[in-house]
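K.L.:
Start from chain A and add chain B according to the hints.
The chain contents come next:
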Amino acid sequence: MFKNLFPNKILLLKNNTINNLIILLIVVLTTGIIYSLLLSPPDYIQGDSVRIMYVHVPSSFIALGCFGFIGLASICNLIFKIKIMPLLAKSIAPIGCIFSLISIVTGSLWGKPTWGAWWAWDARLTSMVILLLFYLGYILTWRFIYDFEKANKISSIIGIIGLFNLPVIKYSVNWWNTLHQPSSISLTSAPTIHYSMLIPLMTMFFAMAIYSLIIFLMRYKTEIMKLKVDKKNKNNLKC
Amino acid sequence: MFSKKIKPRIFLLLFLSLVFAIIILLILKSLENNVVYFFSPTEINEKTDISFNKKIRIGGLVKMNSVKKNEQIINFIITDLKNEIIVSYNGLVPNLFSEGKGVVAEGKLKDKKYFIANKILAKHDENYMPPEVSEALEKKDN
Chain A
4 MFKNLFPNKI
14 LLLKNNTINN
24 LIILLIVVLT
34 TGIIYSLLLS
44 PPDYIQGDSV
54 RIMYVHVPSS
64 FIALGCFGFI
74 GLASICNLIF
84 KIKIMPLLAK
94 SIAPIGCIFS
104 LISIVTGSLW
114 GKPTWGAWWA
124 WDARLTSMVI
134 LLLFYLGYIL
144 TWRFIYDFEK
154 ANKISSIIGI
164 IGLFNLPVIK
174 YSVNWWNTLH
184 QPSSISLTSA
194 PTIHYSMLIP
204 LMTMFFAMAI
214 YSLIIFLMRY
224 KTEIMKLKVD
234 KKNKNNLKC
Chain B
177 MFSKKIKPRI
187 FLLLFLSLVF
197 AIIILLILKS
207 LENNVVYFFS
217 PTEINEKTDI
227 SFNKKIRIGG
237 LVKMNSVKKN
247 EQIINFIITD
257 LKNEIIVSYN
267 GLVPNLFSEG
277 KGVVAEGKLK
287 DKKYFIANKI
297 LAKHDENYMP
307 PEVSEALEKK
317 DN
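Taken in sequence, the protein lines are chains A and B. Numbered according to my numbering, the first sequence spans residues 4 to 242. Numbered according to my numbering, the second sequence spans residues 177 to 318.
Next up, chain B with everything else stripped away, as it sits in the complex:
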């Protein structure tokens, strides 16, 4: 189908692409701990090589009815519906931080169940809708 000049070029390019794709896959695989932005409570629970002095990020949902504020310090529970971690944070939270919504906390682990955060980020999900629709949905659920 292709002329003699073009065939080797196609094969060379295919071969190089394959090699390159494998290299990238291997790099991403070995860097996986750095590529993920945060760990879920279950991943923390299963991890064996946690360092308690290094700054890490954990993320999940803010458990319903778990947010307790007293003066400056705010305590809440991050859950992935299997495991939970108690988070303690001193400072201002973003506007979108609320119960039942996604959150990412940056800080240090005290132990596997207790986390001291120095930064809280709210994670937005992929759902976009007007307020009326969300109210209608809530009514339907109840």
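One chain only, chain A, in its complex shape:
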């Protein structure tokens, strides 16, 4: 599977594949939205504001996942100097950035009716803001440093440092007293969320994951094309 991400393979990626993915996205997203907004029950305390969760939780998952990917790619990049690693990480960064922003905004909208405050500087919320800052730092490094090698090194270091933030976000609700509730879904124990709410949550997660995949493939293909064009230009200049 990983072979498909090699430069020459990705250029063969047909628009057809992306179109099929878009159709799949539309199907899953419509199901998810109908299920979460109309069919799923309101919560026993929160009422209908629980529906914000169906956007909030999947976006947080994806924001964390994307940064995990960036971090791992940065490590591989610094150690093995694999050329496609920075391109992979670079194409996934804006996706994670937008989803962490969505997560923060929807969380804030949920916080007002539930907690009684738009914002609280507790450990979970603060570490999430730090994640957003790392994303911005990562993206801006690529944007404002024109020398590829330099930008590559600095952004990789940002990616690796940001990796330490991920366990802090994940476990902040268990390590310290926070206003944010602990997670309802874990690998080791039964979910504390009723299955009639878990199913739309998972559907929305798949929809957002497919969306991220589409954007990632499109951006990655563009990055590879840019690389090839740059190379060609350089060769032409030499001749």
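Worth flagging that the hints you see were computed from the coordinates, not collected in a lab. Careful, some of the hints might be misleading.
Ranges between beta-carbon positions, derived for each pair [what the hints assert, rightly or not]:
1. B:K205 x A:Y149: 38 to 48 Å
2. B:E311 x A:I21: 41 to 51 Å
3. B:S274 x A:L41: 24 to 34 Å
4. A:P45 x B:D317: 15 to 25 Å
5. B:S310 x A:T33: 22 to 32 Å
6. A:L27 x B:N246: 36 to 46 Å
7. B:I292 x A:K115: 18 to 28 Å
8. B:P184 x A:D233: 23 to 33 Å
9. A:K115 x B:G276: 17 to 27 Å
Using 25 Å as the maximum straight-line C-alpha spacing, the simulated DMTMM-like pairs for lysine to aspartate or glutamate come out as follows [stated by the list, open to error]:
10. A:K84 x A:D150
11. B:K277 x A:D51
12. B:K223 x B:E247
13. B:K181 x A:D150
14. A:K84 x B:D225
15. B:K239 x B:D301
16. B:K277 x B:D256
17. B:K230 x B:E219
18. B:K183 x A:E152
19. B:K277 x B:E311
20. B:K180 x A:E152
21. B:K315 x A:D233
22. A:K173 x B:E208
23. A:K156 x A:D233
24. B:K295 x B:D256
25. A:K115 x A:D233
26. B:K258 x B:D225
27. B:K284 x B:E208
28. A:K173 x B:D301
29. B:K245 x B:E260
30. A:K173 x B:E260
31. A:K115 x B:E302
32. A:K115 x B:D225
33. B:K181 x A:E152
34. A:K115 x B:E275
A quick note: this is a predicted structure, and the numbers were derived from the prediction, not measured. Quick reminder that beta carbons are idealized off the backbone N, C-alpha and C, glycines included.
P.N.:
Same frame as chain A, now just chain B:
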């Protein structure tokens, strides 16, 4: 397994990561009083360096049958099932504030057992379920 060029890079990165992880742990450890969003009544009870002029937050469960409202002022007890603090608050409480549920109060301590709040936040727990299920659960408990 790895070539001569790659090995030192791995070790350097591992070493730097370890150093960095320790630095972060130490920082978080020393800032623990600021990282926690609220103190539980037991923590307040055990603390020796409480300042009564500084704004702090305490949190726990609202004790059953402890909420008393008269006109604007609302009194209730925050408990962590070991220790309790009486809270007095003047203002509106969030919709989700109710007995037996989590709460965070922001304000100043009068003494170790009495707290004057100027802001009340409701804390939601990690349980999500439809109303019917919660009713069924309550019936089962009774």
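K.L.:
Determine which of the earlier numbered hints do not hold for this structure and return their numbers in increasing order.
P.N.:
Numbers 6, 12, 14, 21, 25, 30 and 32 - these are the hints that the structure violates, sorted from lowest upward.
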